[in-house]
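**Q** Now for the letters of each chain:
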Amino acid sequence: MDTAKIEQIIDKHHCEASALIEILLDIQNELHWLPPEALERVAARLQVPVSRIQHTATFYKAFSLVPKGRHEIHVCMGTACHVRGAQRVLEVVENLTGIQAGETDEEMKFSLDTVNCLGCCALGPVMEIDEQHLGKLAPAMAADLLKKYE
Amino acid sequence: MPRINSPAELERLRQEILSKRDPDRPRVAVCAGAGCLATGAEKVIAAFNAEIEKQGLSAEVTTKGTGCPGFCERGPVVVVGPEEICYLQVTPKDVPEIVAKTLKENKVVERLLYVDPAKKERAVHESDIPFYRNQERNIIGNNIKIDPKCIDDYFALGGYSALAKALFGMAPEQVIDEVKKSKLRGRGGGGFPTGVKWEAARATPGETKYVIVNADEGDPGAFMDRAVLEGNPHSILEGLTIGAYAIGAHEGYVYVRQEYPLALANVSLAIRQAEERGLLGRNILGSGFDFTVKVHRGAGAFVCGEETALILSLEGKPGEPKPRPPYPAAKGLWGRPTNINNVETWANVPLIINRGADWFTGFGTEKSKGTKIFSLVGKIKNTGLVEVPMGVTLRDIVYKIGDGIPGGKKFKAVQTGGPAGGCIPEQHLDIAVDFDELTKVGAIMGSGGMIVMDEDTCMVDVARYFLNFLAQESCGKCSPCREGIKQMHRILTDITEGRGKEGDIDLLEEIALSTRSASLCGLGKSAPNPVLSTIRYFRHEYEAHIREKRCPAYACKELVSYYIDPEACGACLLCMKRCTSDAISGGRNLIHVVDQVKCNRCGTCFDVCPAKFGAVIRLSGEPVPGAIPEELRVVVRKKAATQEAAKEAR
Amino acid sequence: MSEVSLEIDGKTVTAAEGTTVLDAAQGAGISIPTVCHHEKLEPFGGCRLCTVEVDAGGRTNLVAACVYPVQQDIVVRTRSKQIDGIRKVLTEQLLAYAPESEVLQKLAQEYQANKDRFAREPSFCILCGLCVRYCAEVKKKDAVGFIDRGPSREISFIPEIAAKECWDCKECFPLCPTSALQAAFVLMRSLTSLGSSHREEVRT
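Protein chains in written order, with this note's numbering: chain A, 1 to 150; chain B, 151 to 800; chain C, 801 to 1004.
Rather than coming from a laboratory, the hints here were simulated on the basis of the structure.
Remember, it's a predicted structure, so these values are computed and weren't measured experimentally.
Where is the CB? At the ideal position from N, CA and C, for every residue including glycine.
One or more hints might be untrue.
Sample of chain C residues with no beta-carbon within 10 Å of chain A, all distances over it, derived [stated by the list, open to error]: (1) 813; (2) 838; (3) 919; (4) 945.
Covered, in the sense of this in silico footprint (three residues per stretch, anywhere, with C-beta under 8 Å from a C-beta of chain A), are these stretches of chain B [said to hold, decoys possible]: (5) 370-378; (6) 442-449; (7) 521-533.
So that you can see chain A by itself, here it is in the shape it has in the complex (with noise of 0.2 Å):
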């Protein structure tokens, strides 16, 4: 984990207890997730207890306490794509990978969540992986897109 970069994130939001979240986020979007010597620093520079910092980290769910895989993908369970058949294509997604929703693969490869809405609904149901879009998605296409992914 390279500490020069927590330091520096945390310097650039002045150290501020109030920052915290930004701070995590930040640190979140560096790391793809929040490693515990990170959580440790940031505790200790911002004199705030663990046990907040601990809250804060499982509260909201853009943070992750463990390593992601190479390929993140963020299936929407929001209502319009619920509505246009999302579980259906999440549970094929489920099957291709191997994993539930909130899991990494052994080999790292992909992170699997659910998200609640990207503000797509035209395109649903869509998941995301890597940050694209992919949209009007039917459960058979599934596999032919996971493929592309190494």
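Fit chains B and C to the supplied structure of chain A, relying on the hints for placement.
**A** Frame of chain A; chains B and C shown alone:
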């Protein structure tokens, strides 16, 4: 870029910008909202730039990526000015033709136009398209005219003139009076009179006060705020600054959910631009009024759309709502008087200041004035953002603007208000959509999400879906919400999976009552709404699931079987090939059979079976017929069979 | 501090501005049931057993007495068919976690709650927050906190702090309304996950 030091300078700058823009010159506007970007708008913009350069037209034609105009179903959307010719579902391949025909020869590319299904004619101009024609697009209508990254575009439309008017021509109390007179009600879901809220914050003593834009937009299926914040960020900043002046706040926040990276980028850029030009920061426009704005990201918590939770999030804490009283107007961020409003509420403020409260009250109903942007999504042909005056009927929104249900399916319900809302059935389609009318039928306006559902949607599953969502999003602090939602969800899951029992509906209603009455915040209090409203209008579906283990919509996996009718099967191999769990056996002339054990109920076979066979049947609440004997599995080709029958008949 | 006059269960009560309805009632000899309340701690408003009806400004609202501030001329009812029905369901929901809790059994008796109404939960903790809040507000050690949200919410000890502080303290254990077992169990589990080097430290 130089600071603008007075309203006079602002007007001079505006005239300068306008004088350089010939309204008759051709221009290309391509929607660059998140939805169209996801369908390739960036490549379309690049294609236009390349082709226009290639044709030597760069000096005359401007191309820009704009804010979202709302017709999301047909994106990428391109509007070619000055005639405002609207092309839909444009791909890079279409661009050379558009440039050659429309830009050079002033001719229309017919095949890219909207076809009015009723009149069977093509609509040339944006204003001809029924989707747009039936709207009143006071706010979102500006999106297609603005490149959100270009402040000059906002100036060209009159931007910041309302701020100048407020700062130099009105006392803070007068601003509040005007907003009160307009009867603007909060657009985030609460529907509380905005002017009254501002007045309360102003009245609380204290030097330090805050104003906040709530751009958390957590309702799944609602993306109105995204479009406005992405597409016209300066309008929000202008509204916010006017509000700050009225209340006496000098610091503001824009709280944006982190799932909206483009909105975050555009509003952050807009803030920097406004600061540069002296429209934010110290001594705004030379008025002596100071106001700074910071952007803060959400981190994936629907509950942070609730005011007190949002405030806690800004303070770097978990978003566990606080009891009210005290209200944020008295004690909010850091214990100071704070005013939070939704994005759309703020967007209305410059319009009200410029055009007056009387103009605003000209739209809408007695108690719900102005227009509202709705996101019309789900089982609807014209998915997108729709802005109408309050009081338009649900029927008009769904059919006149939305063009009805795709696939010839039957309308079943519209769900409004997100997870706090309710489902409105066909018998109420003629209600006038406003705050109070929606409440009367057991729904709420919410932030404006409208999910259309058809005959294939199971209403018990819809209730289960919302409770599943709320179980994930509840902060968990208070037991009626945490336990109540968990238990209601459990019961609904049992019902949808065939384990429902007599008495479940009564139990749901009893848990709903304590959850609604005793919960700490709005999330818990409104959590029972989807359950209660679906029981109210679709009790028969609940009873079918419980008593007959039958799902009338054939949606609940555990209660549905897919069966191939041997009489109808044409043995075309299509369902076999597409089956996602290898559950279908058969061959070229061998009737296909679904292995009920392997089948995962994905429904693909039902979707792909050719219409001429229509052999896949969904069964629910009845047993799957036994297998036919192997000898009879051979397909007799229908054509030959009917010829035989015709021969015999003669 | 000005005084406020209000009505609780038909009785006229005066209390200082800023007092909660719960405290004002207590002062007048009217008891309202609570689970998550403690006089040494800031009111939490989590269990909602103290829900009461308040008539104010022409409307009737259901509020938590432990956090609702007294106001001039409000009318409060601490018992009614509606309130009793709510307290019954809330008690039943918590009994699913800790049917043997004395506090909950007393409530069950008063409100005719059935401990078997809801399926038994595999945890004793009713998330009243007394241990968390005591450690934060009184001991100022923050050795135990909440994690996650919704039905997944739990209490969690911070192993490094707990190893240093908890064995000599344990002041939160008797506060636990369900049983000291939960606190002790969670504490033990988190300490044994510390690793042997830490365990050496604990022994010395």
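**Q** Give me the numbers of the hints this structure contradicts, sorted from smallest to largest.
**A** The structure breaks only hint 4.
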